[in-house]
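Student: Going line by line, the protein sequences match chains A and B.
In the numbering used here, each number is its position in the first sequence, counted from 1, plus 789.
In the numbering used here, each number is its position in the second sequence, counted from 1, plus 7.
Rather than coming from a laboratory, the hints here were simulated on the basis of the structure.
Some clues are possibly wrong.
Claimed, not checked - Sample of chain A residues at the chain B side, in silico, Cβ under 7 Å:
1. K1013
2. D1016
3. R1017
4. T1043
5. A1348
6. K1349
7. K1359
8. L1362
Claimed, not checked - Just a sample of chain B residues kept apart from chain A, beta carbon distances all over 10 Å, derived:
9. P42
10. A65
11. L67
12. R158
13. E200
14. D230
15. H283
16. G358
Ideal placement from N, C-alpha and C gives every residue a C-beta, glycine not left out.
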Amino acid sequence: MPQTEKQKHIRNFSIIAHIDHGKSTLADRILEFSNTVAKRDMEEQLLDDMDLEKERGITIKARAVRIDYTAPDGEVYALNMIDTPGHVDFNYEVSRSLNACEGALLVVDATQGIEAQTLANAYLAVDAGLEIVPVVNKIDLPSADVPRVQQEIEDVIGIPAEGCPAVSAKTGVNIESVMEAIIRDVPAPEGDENAPLRCLIFDSVYNSYLGVVVYIRVMEGTLKAGDRIKLMHTGAEFDTVEVGTMEPFGLHSTGILSAGEVGYFTASIKNVSDTRVGDTVTAAEMPAAEPLPGFKKVQSMVYAGIYPADGARYNETKDALEKLQLNDAAFSFEPETSIALGFGFRCGFLGLLHMEIIEERLEREFNLDLITTAPSVIYEITKKNGEVIYIDNPTNYPAPDEIDVAAEPIVAASVITPTEYVGGIMDLCQDRRGTFLDMKYIDTERVELHYKLPLNEIIYDFFDALKSRSRGYASLDYEFEGYVPSELVKLDFLLNGEMVDALTFIVHQEKAYGRARKIAEKLKDNIPRQLFEVPIQAAIGSKIIARETVKALRKDVLAKCYGGDITRKKKLLEKQKEGKKKMRQLGSVQVSPEAFMAVLKLDDDN
Amino acid sequence: MPMIMTDKKRLGIYIHIPFCLSKCAYCDFNSGPAPDGACITRYVNALIAHMERYRVGAKLYEPNTVFIGGGTPTSIPIAELTRLVKAVKHNFRLTRNAEFSIEANPATVEYDGLVKLKRLGVNRISFGLQSAHDNELEALGRMHTRKDFARSFKMARDAGFDNINVDLMFGIPHQTMESLLHTLRYVGRLGPEHISLYDLKIEPGTKFYQNYDEIKHLLPDEDLDADMYLQAVEYLKEMGYYQYEISNFARPGRMCMHNLKYWNCEEYLGFGVSAHSYFNGNRFAFTPDREKYCRAIEVPGSPIRLTVENEAVEERERLGEYIMLRLRLTEGLDTSEFIRRFGASFDALYGDKLTRFLKGGYMTYQNGRYALTPQGMFISNYILSEILEFEDFGKYMFGN
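Use the sequences and the hints to build the structure in full.
Tutor: See below:
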């Protein structure tokens, strides 16, 4: 199929980079260089439009923008730049975004070299058949070593990098070489405009006026406003309302998109979960024979209970969760009840970062105070009666005598680290029940370690431990592999003889004792003294494996006279009463939300 | 029975002297060394002028207590002090047996000065001893030794003071149960009429607060601190000092009448920086800034705000205050007096919440009176914040 003139003037590309390697800054420079956005109008890092993303310097949701670029030879090109999330939690979304492109800019920090996530995403791009255009960034920094990083790219990824663009996105140096490389090296899209319609959904965003805005890449055929379409995996049909392109300052309705183009459509769709990332859009009248390959239903890997700190704000919390879900098909929740925490929600996340983002958005955008239970993975339990169940809440873990086989999720993990930290990281992986697979030297200074690791060890503060053992230099990527039988136990905590359901953990037998002791100590340090002594016990079944005591309250007094300053005394008492109002009654014991969170906050000794 | 009938209301007078020789490590009161003598004179002038403003209104009152506190009132020249005492008597018609107290630090008094004060009508002196151990005194940042105190105490007796209080502290750096009991024994043998025993509380803005990490290992822990309190209560009783308030102990009949006004919700009028008043149903306080205080008084019609806090105490709030303050006293809260004052039943309002404290030995109920035991007193914040309702705090309510 020969390319049309239009297709010859289209370039669809993504930018792949590790966090902080300058992806968003480079995207800004490309926009600026193309004169699409006047410099003065441009807010820093235009593509990341959520505050949270700006603060964390990461891109949460994939976004795309179309740029009109006039090359030095006078030809005008439509560049579709598709931004991708740079974190392990969002691998699937990244892979779909990549599938919408013909090329990818691989941005590598000239001072840092390749990191685990860069590598993982670069492999995804290679697998998707993309042309990789390496870009070495941050050449303005004194410690930049361009030849070394270029050599590393050649050695590790196996693509030529000599003479690749070396830029400073920050200062704008050499951005023109990136533009040239995009036009020269990224292939123009192909696809028959007259074939049955097939579009890849790579993202969708809820908009309260338009309904769901679906971001697509047209692979084959032509999509027009008013067309009746069908989503091949969900089977849902809709009438399109608007069809158009994403311009830097908003949506631009063009009424038509044809093979090779990137754009959006709206169709009065209420819920983003109807438009799953990776699904294929086809024409309802004349559907394509096959959907595009690679669709997966995203699955939550990590679960946690989210409770309003003030029980009266349950409905507000529910509304907030619903609003977030409108825009995030990967986030799920359902109501649950905890004896300790009252009414709340069991929420499913792609991973820990995804969970933190949701928590922060709830607190920031909806002004909620939350209590979040410790995250848990999903355990696969084969019962003695042959039934297989999946447990996402430790409280529901069956009694040992009902269990035939208990299995936990295992991931294939890759850690890239400077060689000097290999010892410490291997110890960490060992301690986290990892199975060593192999170790490869990236160059003389850095290695890539491969391990199989239980996911429940990774969610127990693995990132922080990894960072502290490598002074922040090691990076991690992992992929779900499957379930493996494991010696798991359910660890319960009792306060004053009463079990606190929200503190129940599932833990590997070998780890139970240490974990029990640590949490018991934390409880002791964080539970305020009560009128009576409070025994803290950690138990597996009926066996107590750790024990602490919170001594009875003996002192809480304002002894001084303060020269008749009664107001001061009143204020103090009132404040104390205010604090009590927030207390949670765990059986007969009062615990503040702060104390509860301190106990649940996972951290490691190191 | 013959009784002197008077239609004049009783009143307490408090005068704050914000000067001392040096700031102690635990002190968060409005006090500090005076820069120079002129500044003291100016401040005393302001105090006197301030009192004069109340002169007309004060005719309706017959104050029966005066308390000059600080800081260290005796750190200012005796001439200034006598001028101030004279002004009090000039502007207010004190009752014949009015209790007239002055706070003093050991080594800041001279025999002649004490005689002068006694002659002018000051009849009660309160010494800040804090501890009878010089190492503990040093850690507190006190300027005196135990010997200084012994000399000052004898001087006061010789000058004719037959009503003396000694302030002591526990829960302080280096203190042990033994050293505390030794301090109590030492003071008990000297035989003042009144002993105040305060638990150290580390307040923001103090040296202890800043250096908390350095001193915390020197401090008794919560349990030892509570044990110290309970043992001290017992030990003082054995020596004839009966507890009548959380931190106050006295020989029979020698309670501090001025401080009792605070806890009995009676009226008092404060003068000076940061001085608090409860007067005509209002609680108010004056500016903590000495310069502003002086200027506001010196310049008639000055725009400077003298009063920094002012609130009318509403009915329900008065009830809350009453509970909070009465339960500081060993005498406790009389339920029939409560009905008389507020037309409401204490039992009906709060009875349910008291059960666990009665059962736990934190409170007693006898002859229509609820009172905290020493155990209960030492966790009285906890108990009060459990039993009082938000309405009891009046307009401070956080929800407002």
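Student: Now tell me if each hint is right for this structure.
Tutor: Here is how each hint holds up against the structure:
no.	hint	in the structure
1	K1013	violated (58 Å)
2	D1016	violated (56 Å)
3	R1017	violated (55 Å)
4	T1043	violated (55 Å)
5	A1348	holds (4 Å)
6	K1349	holds (6 Å)
7	K1359	holds (6 Å)
8	L1362	holds (5 Å)
9	P42	holds (23 Å)
10	A65	holds (18 Å)
11	L67	holds (20 Å)
12	R158	holds (27 Å)
13	E200	holds (18 Å)
14	D230	violated (6 Å)
15	H283	violated (5 Å)
16	G358	holds (18 Å)
Against the hints set out earlier in the document, violations occur for numbers 1, 2, 3, 4, 14 and 15.
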